[in-house]
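Chain V: place on chain Y using the hints.
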Amino acid sequence: MIHFDNVTKVYANQNRPALDHVSVDVDKGEFVFLVGPSGSGKSTFLRLILKEERPNSGAIHVAGKDLARLSNFKVPHLRRRIGCVFQDFRLLPNKNVYENVAFALEVIGKPRRFIRKVVPEVVELVGLEGKAHRMPDELSGGEQQRVAMARAFVNRPMILLADEPTGNIDPATSIGIMKVLDRINRTGTTVVMATHDAAIVDSMRKRVVELEDGKIVRDQSRGVYGQAY
Amino acid sequence: MRANFIFSEVWIGLRRNLTMTIAVIVTVAIGMALLGVGLMINSLVSGMKDSWYDKVEVSVFLCKKNDPFPQCKGSGGVDAQEQAALKATIEAMPQVERVEFEDAAKAYENFKAQYADNPVMITAIQVEDMPESFRVKLKDPDTYGAVIEGLQGAPGVSNVINQKELLEKFFGLLEKLRWAALTIAITLVFAATLLIGNTVRLSAYNRRRETGIMRLVGASNLYIQLPFVMEGVIAGLIGGVIAAVLLIVSKVFLFDSVQLYLGGTAQLSWETVASSISVTMVFGVLICVFASFVTLRRYLRV
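Protein sequences, first through last, are from chains Y and V.
Just so you know, the first sequence maps onto residues 1 to 229 in the numbering used here.
Just so you know, the second sequence maps onto residues 1 to 302 in the numbering used here.
You may find that some hints are simply not true.
Residues from chain Y shown here face chain V by an in silico Cβ test under 7 Å; the list is partial [unchecked claim]:
hint, residue
1, P76
2, R79
3, C84
4, D88
With a straight-line Cα cutoff of 20 Å, these simulated SDA-like cross-link-like pairs (lysine to any residue) come out [stated by the list, open to error]:
hint, chain 1, residue 1, chain 2, residue 2
5, Y, K74, V, I213
6, Y, K51, V, Y223
7, Y, K51, Y, V75
8, Y, K110, V, N221
9, Y, K110, V, Y299
10, Y, K74, V, N221
11, Y, K95, V, K64
12, Y, K74, V, R215
13, Y, K51, V, Y299
14, Y, K110, V, L222
15, Y, K95, V, I213
16, Y, K51, V, R215
17, Y, K74, V, S220
18, Y, K95, V, R297
19, Y, K110, V, A3
20, Y, K95, V, F5
21, Y, K95, V, I6
22, Y, K95, V, E210
23, Y, K51, V, R297
24, Y, K95, V, F7
25, V, K64, V, K106
26, Y, K110, V, G212
27, Y, K95, V, Y299
28, Y, K74, V, Q225
29, Y, K51, V, I213
30, Y, K110, V, N4
31, Y, K110, V, Q225
32, Y, K74, V, L226
33, Y, K110, V, L226
34, Y, K206, Y, G29
35, Y, K95, V, N4
36, Y, K51, V, N221
37, Y, K110, V, S220
38, Y, K51, V, G212
39, Y, K110, V, L177
40, Y, K95, V, S8
To be clear, the hints were calculated from the coordinates, so they are not data collected in a lab.
Idealized CB from N, CA, C, for every residue including glycine.
If we strip away everything but chain Y, and leave its shape as in the complex, we get (with noise of 0.2 Å):
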């Protein structure tokens, strides 16, 4: 499902690179973390996966297609493909969690009934079932979080990218994060999920690839967060 083949990528006006030489392969219906210290490169890792950078060197493949050849005029219809959830949730201040949800789908141009159709189903997926129509100011940093996964979740992604999600949120509300992209999973959805949050990690039992200034240095199914030796 992704595939990297000896990717390195150096921002501009740096001398080290972000990403060094990487090589992994994330197979469909995945779970992974990916772990390691701030600017290890995990986010560098998810926006190249995006297409969002280009790398310097190396191959990179998603969803069967190679990133290199997609031209800039299909980048949008690889990225309706994959569905993205942040650390700041990045939701609509002035649009309440069904109109948040459903503008994901609106500005890819899907039909109203379809929209009217999908957008419930997968409010009560995230566990917001009787929340559509409040506002993000309304909501707590959880059920945020929640909106912004039915957001990315909505169009049925082949992959979900999660960077930190559960960053601003406290450990006990972490957990129903947790549930709620498990099922995620559980529908044959990869996640990839890029975190600094031990006991979550260790807790899931996942796939972890560990980072350290852009190299991998490890890559361990049914991991844990720390050293496994």
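Relative to the frame of chain Y, chain V by itself:
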């Protein structure tokens, strides 16, 4: 493509930047109006040139008794022999198409017709005051130089006047006006381009959250950019409509009154006004689209 989504976005954008929108509309309106005025003067001048240059003649005025012209002093006015010789000379010139003699009575008639609304002039001037002249029609009005040179100072000739020269002074003035209008128009178009760029930049900044999410969920570039471009287009269109009104007003109150004063030889037709309006409209909208797109390339990463 959901039209109502685009239009609600456009409406929100225009309202948020109301002052900038007004500035764009005003600049576009005045710029386009001046461009249109330039175009209208252009067609007026060429229309007038066509109709006037067909009629222009070189007037060869003959000496009368007691004429103040130096070359007529001492002579008792032109005599029949001199007049016949002069006519033969003119007819022999290769540039000349035909020659007509205008006697004092006919000149007075023309004079009366020209100043029909000025009775003081008509009563003050008598038939005897009118000079006799040869009206020389040239094959090509541009070859007047040799004709004038050949006749100026010939015996019995008081003065040679080329109507084309007089007209050219007038057309020269109109052409200066046209260039002034076009120069100001170009300056304003430049200002409008910058203003539109700034407006689009502001609304791109105001809507960075929305566009960020649109990018993320895979909205097409067109879908993301269209609201911004439409903002420019709508502001440009409103400006264009105002410019059209200004052009119609200037046709009715300015051009038509100038025409009246000039004797209405070449009317500025409504078709010319309409084509000027459509040219300025298209130009205005194109500029808006261009400015929006260029700005979006810089400030809206897609």
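Verification of the supplied hints:
Checking P76 (chain Y) against chain V by beta carbon gives a least distance of about 4 Å; that is within 7 Å, so the hint holds. With 7 Å as the threshold, the beta carbon of R79 (chain Y) comes within range of chain V, its nearest partner Cβ sitting at about 4 Å, so the hint holds. For C84 (chain Y), the interface hint holds, since its Cβ comes within 7 Å of a Cβ in chain V; the closest pair sits about 5 Å apart. With a cut of 7 Å, the hint placing D88 (chain Y) at the interface with chain V is violated, because the nearest CB-to-CB distance is about 11 Å.
For the suggested pair K74 (chain Y) and I213 (chain V), the alpha carbons sit about 17 Å apart, so the restraint of at most 20 Å is met. Pair hint K51 (chain Y) plus Y223 (chain V) holds up; C-alpha atoms about 19 Å apart against a cutoff of 20 Å. At roughly 7 Å between alpha-carbon atoms, K51 (chain Y) and V75 (chain Y) fall within 20 Å of each other, so this suggested pair holds. Between K110 (chain Y) and N221 (chain V) the alpha-carbon distance is near 16 Å, which keeps this suggested pair within the 20 Å criterion.
For a cut-off of 20 Å, the pair hint linking K110 (chain Y) to Y299 (chain V) is broken: about 27 Å separates their Cα positions. A hinted pair counts as satisfied when its Cα atoms are at most 20 Å apart, and K74 (chain Y) with N221 (chain V) qualifies at roughly 10 Å. Taken as a hint, the K95 (chain Y) and K64 (chain V) pair is broken in the structure, with Cα atoms around 94 Å apart against an allowance of 20 Å. Proximity of K74 (chain Y) to R215 (chain V) is assessed by CA-CA distance (about 12 Å); at most 20 Å being required, the pair is judged to hold.
For a cut-off of 20 Å, the pair hint linking K51 (chain Y) to Y299 (chain V) stands: about 19 Å separates their Cα positions. Note on K110 (chain Y) and L222 (chain V): the hinted pairing holds, with a Cα-Cα distance of about 15 Å set against a maximum of 20 Å. Under the criterion of a C-alpha separation no larger than 20 Å, the hint pairing K95 (chain Y) with I213 (chain V) is consistent with the structure, at around 13 Å. With a C-alpha separation of about 11 Å, the suggested pair K51 (chain Y) and R215 (chain V) falls inside the 20 Å cut-off, and the hint holds.
In summary, the hint linking K74 (chain Y) to S220 (chain V) is supported, as the alpha carbons are separated by about 9 Å, within the 20 Å threshold. Our distance criterion of 20 Å between C-alpha atoms is broken by K95 (chain Y) and R297 (chain V), whose separation comes to about 28 Å. Pair hint K110 (chain Y) plus A3 (chain V) holds up; C-alpha atoms about 13 Å apart against a cutoff of 20 Å. At most 20 Å may separate the alpha-carbon atoms for a hinted pair to count; K95 (chain Y) and F5 (chain V) meet this at roughly 14 Å.
Taking the CA atoms of K95 (chain Y) and I6 (chain V), the gap is about 16 Å. The hint holds against a cut of 20 Å. Taken as a hint, the K95 (chain Y) and E210 (chain V) pair is honoured in the structure, with Cα atoms around 11 Å apart against an allowance of 20 Å. Between K51 (chain Y) and R297 (chain V), the direct Cα distance comes to roughly 18 Å. Compliance with the 20 Å bound is thereby established for this hinted pair. Taking the CA atoms of K95 (chain Y) and F7 (chain V), the gap is near 17 Å; set against the 20 Å cutoff, the hint holds.
Simply put, K64 (chain V) and K106 (chain V) have alpha-carbon atoms about 16 Å apart, close enough for the 20 Å limit, and the pair holds. Between K110 (chain Y) and G212 (chain V), the direct Cα distance comes to roughly 19 Å. Compliance with the 20 Å bound is thereby established for this hinted pair. A C-alpha spacing of about 24 Å is found between K95 (chain Y) and Y299 (chain V), which places the hinted pair above 20 Å, so the restraint is violated. Our distance criterion of 20 Å between C-alpha atoms is met by K74 (chain Y) and Q225 (chain V), whose separation comes to about 16 Å.
With a CA separation close to 15 Å, the supplied pair K51 (chain Y) and I213 (chain V) stays within the 20 Å bound. The hinted pair formed by K110 (chain Y) and N4 (chain V) meets the criterion: a straight-line CA distance of about 13 Å does not exceed 20 Å. Proposed proximity of K110 (chain Y) and Q225 (chain V) is supported: the alpha carbons are some 18 Å apart, at most 20 Å. Straight-line distance between C-alpha atoms of K74 (chain Y) and L226 (chain V) comes to about 17 Å, which keeps the hinted pair within the 20 Å bound.
Restraint check for K110 (chain Y) and L226 (chain V): satisfied, since their Cα atoms lie roughly 17 Å apart, inside the 20 Å limit. Of the pairs offered as hints, the one joining K206 (chain Y) and G29 (chain Y) holds, with about 12 Å between alpha carbons and a cut-off of 20 Å not exceeded. Straight-line distance between C-alpha atoms of K95 (chain Y) and N4 (chain V) comes to about 17 Å, which keeps the hinted pair within the 20 Å bound. Note on K51 (chain Y) and N221 (chain V): the hinted pairing holds, with a Cα-Cα distance of about 14 Å set against a maximum of 20 Å.
Proximity of K110 (chain Y) to S220 (chain V) is assessed by CA-CA distance (about 12 Å); at most 20 Å being required, the pair is judged to hold. Note on K51 (chain Y) and G212 (chain V): the hinted pairing holds, with a Cα-Cα distance of about 14 Å set against a maximum of 20 Å. Between K110 (chain Y) and L177 (chain V), the direct Cα distance comes to roughly 55 Å. Violation of the 20 Å bound is thereby established for this hinted pair. Between K95 (chain Y) and S8 (chain V) the alpha-carbon distance is near 14 Å, which keeps this suggested pair within the 20 Å criterion.
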